[in-house]
Amino acid sequence: MTASIPRATYRLQLHKDFDFAAAQAVLPYLQALGVSHVYCSPITRARPGSMHGYDVADPREINPELGGREGFERFALAARALGLQLLLDIVPNHMGVIGSDNPWWSDVLTHGQASAYAGFFDIDWRPMDAAMAGKVLLPVLGAPYGEVLDQGQLQLAWEAKEEGEAGRFVLRYFEHGFPTDPASWGAVLRLAADQAEDADTAEGLTALAERADAMPPREDRGAAGARERAAAAGRVRQGLQELLAQRRAAGPAVAAALERLNQEPGHDVLHALLEAQPWRLGFWRVAADEINYRRFFDINELAALRVEAEDVFEATHALALDLTAAGIVDGLRIDHPDGLRDPAQYFARLQDGHARRMAQLRPDESAPADALPLYVVAEKITAAHADLPADWRLHGTTGYRFGALLNSLFSDRSQAARMERVWRGFTGAEGSLEDMVFDAKLAVAYGALGAELNLLATQLKRVAGANRRTRDYGFTTLRTAVAEAAAGMPVYRTYVVDAAGEEDRRFIDWAIAQARRRTAIADASVFDFLRACLLGEPTEGSGADALLPVRRFAWRFQQFCAPLAAKGVEDCVFYRYLQLVSLNEVGGDPTAQGLTLAAFHGASSDRAARWPHTMLATSTHDNKRSEDVRNRIAVLSERPALWRLGLMRWHQLTRSLRRELPSGTAPSRDDELLLYQVLLGVLPDGEIDAETLAALRARMGQYMAKAAREAKLRTSWVRPDADYEQALQAFIDGLLGRLAPNPALSDLRALAKQLAWFGALNSLSMVVLKFTSPGVPDIYQGNEMQDLSLVDPDNRRPVDYAQRQGTLAAHEALLLAAEPDRLAGLARMSATPADGRLKLWATWRLLALRRDDPALLREGSYIALRGTGRAREHVVAYARRTPTGLLVVLAARLFARLLKSFDAAPVGEACWGDASVDLTPAFKDWNGSAGDVTALELMGHVQRRLPRGPLRLADALQALPVAVYWVDARKPAVTA
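Under our numbering, think of the first position of the sequence shown as 9, with each following residue one higher.
Any given hint might turn out to be false.
No farther apart than 25 Å at their CA atoms in a straight line, the calculated lysine to aspartate or glutamate pairs in the DMTMM-like style are these [what the hints assert, rightly or not]:
1. K720 x D480
2. K169 x D158
3. K761 x E820
4. K714 x E283
5. K979 x E945
6. K761 x E699
Pairwise CB distance ranges (calculated) [claimed, not checked]:
7. D228 x H279: 24 to 30 Å
8. P891 x T928: 14 to 20 Å
9. P498 x K932: 38 to 44 Å
10. A617 x P498: 49 to 55 Å
11. K932 x K24: 54 to 60 Å
12. A138 x H60: 21 to 27 Å
13. D228 x E322: 19 to 25 Å
FYI, nobody ran anything at the bench for these hints, they're computed from the structure.
Using N, Cα and C, we set each Cβ at its ideal position, and we do this for glycine too.
My request is simple: use the sequences and hints to build the entire structure.
Structure below.
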């Protein structure tokens, strides 16, 4: 039982404007590019109009907006015909709710705890507020409930269904529709009976009201009880449907009843009917404190699933696993596994579910712990001091850590302190990153995730109250302790299930120590109690029945920590800590400016040994800035003085654009600095016309509004400051209002042109490292050429595939040209690296290598190579090796420091001088013949002599600042 390991993947973002048919049209290009797998965003039915697919409405159905099952099958067949395989992104943690698009959620809103799907969602049916027992809180109102009701914005309506399905009464609130429990229809039906024109219609409506009154209660009575209640509700619905069809007077009677109920002064009858529902509507701005269903992060429209329940797992994964077993899909990407109660169990079920469908396992059989019949990667963020749990049955992650390594590698470590001084000096920012993270996570715990915090504190209070040694801990104390421990957690979460492992204990102790150090709680002994509970260990004096409640608390706490980290760090601190924003990416560290070569080699060797098939990502749909934007911004780390002087000039030149508000100057120094860094990353290096400038102005306005709200310093999503946001937009409109005269923009463009040159060279080296490092390289749509995108939705803009296809066709012709003509063509491309042609060339040639010698990149050992000479720190050098193949990789970095002038060529003697790389370790114990070896240098597609000892960089890097030498020992060796 072995999985099909991709050579390389290409991510496509599917939505209604780029569906299966559109994706099918680019398949020939992707095949020519050389990837092995097309990696699709979620394809199951999502909420209408979804542009990402993560708000799944029904995991059993392929999204009709993408082309449905037929469209997918045509797409899959076309891919297979071209030799391309498919990798699907699936969403096990949550579903899109609130609207009427999700049949399971609608059933829960109809039947409450008695729904057959009540156990699918992570709902607390016994919340702190006793009035909410058995109900789900829906925070969708734009104002307090009483105000909305009095204004007549809540309207009960009859919703007719398609032929063959009975209608129902729904509550309308603008675009929202909420199903009502047929057991509550008695009041409406009796009111309709009073309005009926004839006795028979009145009698029929009254009989239906009595039938509704007699429905079973909304209690959890198991599967049989759920079926009984659903059948009773169906009879009421069908009875009313038939009465409306058979009695001419029934329709007008129901309409009159609804009009009277909706128009009634005071709306008492409507209020009583709403109180009888298994849900309660609330004002979104304040009801978040009482939400009693677990969400994806703080998004009310995404409700978490209890995928740890086997029936939930099977219902949500049957389609995906059926597709893998049928050979239509060849691998899965798992979204947000840190939201699951037990990820290890989940990945085991995934592998076993595939194997059973392939008849490789009996229904009651589990595979060995190391069996991986299906290629699976997880969207998992791992801290530098942590690793992927070894007991997860998968091939690795989606590659955030690799992207963070490269972000750091291409920034200048020697200038980190100066860059920090520039940032703090301009903005006045104070506090360490650790302090910022703790404070931001604490604010999220008490704010956006307050409902989850209250639930945890309630659980912990029940545990404490069951033991006379701990019952004196008050709710507020426990709530504070939980929030502070979660804020101090140094990783996304721990993975305690039955017992805490060594790493779990280390991180829990770390979090408790952080909380103790910062807390104002009078009796800090509460942290001893909390520590025991987080480890899943009942404290001394606990009863025999204490273990399960303690474990349930620990499980829920872990699920709380992950969104707390995401909202506190990536979606807050990364918009506040602005030393060098190219580092501020998912899985990154804003203080990690400058990775040493030794650290890069260490990470690569470890990956080769333990996770050789993990993904390598440099751009993703989750990025705040694309790889090319980051690679431009990273150049600032090599020129801090230039950056500081630029900030001073631009601040002075834009002084007339700033506004004074009661809350302070707008924009703030933080937002101004961020704007300049990002602009330097996205400004086109060539000529700009008015249309291009207008598009950039709109994009930057959208980006900065989102950034300012995420930072939560002057405005936020929950409490937007309209005056500040208008002033910020006005500043952007002024800065980008016209091309000339515009001294600030002209000055920014001049520096951006330099950064574009150096940044494009960074991107070239990044491509070489990504496609030759241990792991599976992934290309995010369009990033095979220069792509200057920002955070979503900017990175979902249409990709110009016609341009890419045309450029690739020109490259194919160039490859066939005579060597002098080919090298001349490469020289022309290297003269304008920011146009993306050189990046596509390198990508294409290295994908061809992965196709021609897959074992070398899939299984080859990793050998770090040491440089000597003045410029030795400016080149990353390593070898990959199998018994039949050898690869020597050279990629330059820190070009601005290396070259001093942006118009100097990063090649040849003038650049590299006495620098060399010793190839002795690459050849040690490999291919016993003596003397130099002839290798194919892949960038120029030329034969070159490769010494078994020192290789002068001035010779190796004559045409480009990168070189990749391939020796294919499957062919007769050529020696000199």
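Verification of the hints:
no., hint, result
1, K720 x D480, "36 Å, violated"
2, K169 x D158, "29 Å, violated"
3, K761 x E820, "29 Å, violated"
4, K714 x E283, "37 Å, violated"
5, K979 x E945, "16 Å, holds"
6, K761 x E699, "19 Å, holds"
7, D228 x H279: 24 to 30 Å, "27 Å, holds"
8, P891 x T928: 14 to 20 Å, "19 Å, holds"
9, P498 x K932: 38 to 44 Å, "40 Å, holds"
10, A617 x P498: 49 to 55 Å, "25 Å, violated"
11, K932 x K24: 54 to 60 Å, "56 Å, holds"
12, A138 x H60: 21 to 27 Å, "38 Å, violated"
13, D228 x E322: 19 to 25 Å, "20 Å, holds"
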